[in-house]
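J.: Assembly of the complex is requested from the two constituent chains, each provided in isolation within its own frame, with the hints serving as guidance.
Those protein sequences? They're chains A and B, same order as listed. Going by our numbering, the first sequence opens with residue 21, and the numbers climb by one from there. Going by our numbering, the second sequence opens with residue 1230, and the numbers climb by one from there.
No wet-lab data here; the hints were simulated from the structure. Just so you know, not all the hints are guaranteed correct.
To be verified - Below are the SDA-like pairs computed for lysine to any residue, each with C-alpha atoms no more than 20 Å apart in a straight line: (1) A/LYS121 <-> B/VAL1291; (2) A/LYS121 <-> B/GLU1332; (3) A/LYS121 <-> B/LEU1305; (4) A/LYS78 <-> A/VAL49.
To be verified - Here chain B is said to cover these stretches of chain A; the calculated rule only asks that three of the stretch's residues, wherever they fall, bring their Cβ under 8 Å from a Cβ of chain B: (5) 38-47; (6) 121-134.
Built from N, CA and C at the ideal position, the CB exists for glycine as well.
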Amino acid sequence: AQSVTQLGSHVSVSEGALVLLRCNYSSSVPPYLFWYVQYPNQGLQLLLKYTSAATLVKGINGFEAEFKKSETSFHLTKPSAHMSDAAEYFCAVSEGFGNEKLTFGTGTRLTIIP
Amino acid sequence: GAVVSQHPSWVICKSGTSVKIECRSLDFQATTMFWYRQFPKQSLMLMATSNEGSKATYEQGVEKDKFLINHASLTLSTLTVTSAHPEDSSFYICSAPGQGITEAFFGQGTRLTVV
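The shape of chain B in the complex, shown without the other chains (with noise of 0.2 Å):
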């Protein structure tokens, strides 16, 4: 089946810096990928959608100019964290839509500890 490959899979980084997390489709192309993020304990929530050759779509409450997204070819998408605070710590997860089926594969997802 279709891959989709996360990296990194952990990393903690100090307040302030920024953070950038890659998402690539291995064997299919993904004009679109979704970015999830997910609390501990609770549910994923969408944050945006990551667009092939046009700016992203941001859903309700999140801050465009924080979390960057970049999806400059079609295998890769990325998201970067911004002067990241420990509120950001979280797990993040991307997934793409494979192609001609009704289906989004899921990144292995990256966890996000800042201190």
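Same shape as in the complex, but just chain A (with noise of 0.2 Å):
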């Protein structure tokens, strides 16, 4: 069984300031770790993914993410926050390739303060 939690419902940061979405994730393989964004009323667009390659994945619009496995972290960051970034943030687990089901965390409503 896999799960995702991400801590912090909600986040809200100032423009030009870091960003940093939690993910924690529990899996019994080896996990395949995913962030999406969703904007309102859209389905999900894909940042960045890890496949078991380099732990410091680099995504799309800045954003990366580091996985760490002692602490089974996979935390989502962006060094400069654009107004454009406010969106909703989902965390995902799957077992990998072959099974791409995907286990979501709660989300993380990211709000940019001008």
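T.: Now the structure itself:
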């Protein structure tokens, strides 16, 4: 069984400040981990994914995440927040290739303060 | 990249009627598709796995007779909400795994409102 915990349902940061969204996972097998972004009334867009290669993963829009096995974490960061980053962010885990069924965290709503 | 198209993007229906939602993989074949439901301000919950040419696999607690899934071809899966009730109002999203890569592509989602 696998699960994802996202700490903080709401995060607010000032424009230009560091963005840090937390994600911890639990998986019985080496996990594949994902971060998705969702804008209102839209589907999900993949930001980045970890698939057992490099532990520091760079994604789109300046986001990156680091896989830390010892901490079972996959936190999402961005050095400088932009107003367009305001959205809902979901961390997800799967058992990997051939089993792409995703288990999602509860999501974190990111608000950018001008 | 791969594209998954979901239709309609929103629908309003009366209680007791049925609504069909389509999910198409536009430039790749998908033997498996996933259907998720998202209630307001909540996360996505997997409802069922749609399998081309065979029966769908439903998650625990999901009524298979209420949420009919058909995966008749390698590019199309449909979800029919039968005898809809207001509590079925939700955002439904489908996804399909990309071929040869560890990624699922999502449709745009369907906002269902039952009145």
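J.: Give a verdict on every hint.
T.: Right, here's what the structure says about each hint:
1. Annotation: proposed proximity of A/LYS121 to B/VAL1291 holds, straight-line Cα distance about 16 Å (limit 20 Å).
2. At roughly 10 Å between alpha-carbon atoms, A/LYS121 and B/GLU1332 fall within 20 Å of each other, so this suggested pair holds.
3. At roughly 18 Å between alpha-carbon atoms, A/LYS121 and B/LEU1305 fall within 20 Å of each other, so this suggested pair holds.
4. Distance check on the hinted pair: A/LYS78 and A/VAL49 sit about 23 Å apart at the alpha-carbon level, beyond 20 Å; violated.
5. Residues of the stretch 38-47 of chain A with a Cβ under 8 Å from some Cβ of chain B number 0, which does not satisfy the need for three, so the listed coverage is violated.
6. Against chain B, the stretch 121-134 of chain A contributes 7 residues with a C-beta closer than 8 Å to a partner C-beta. That satisfies the three-residue criterion, and the hint holds.
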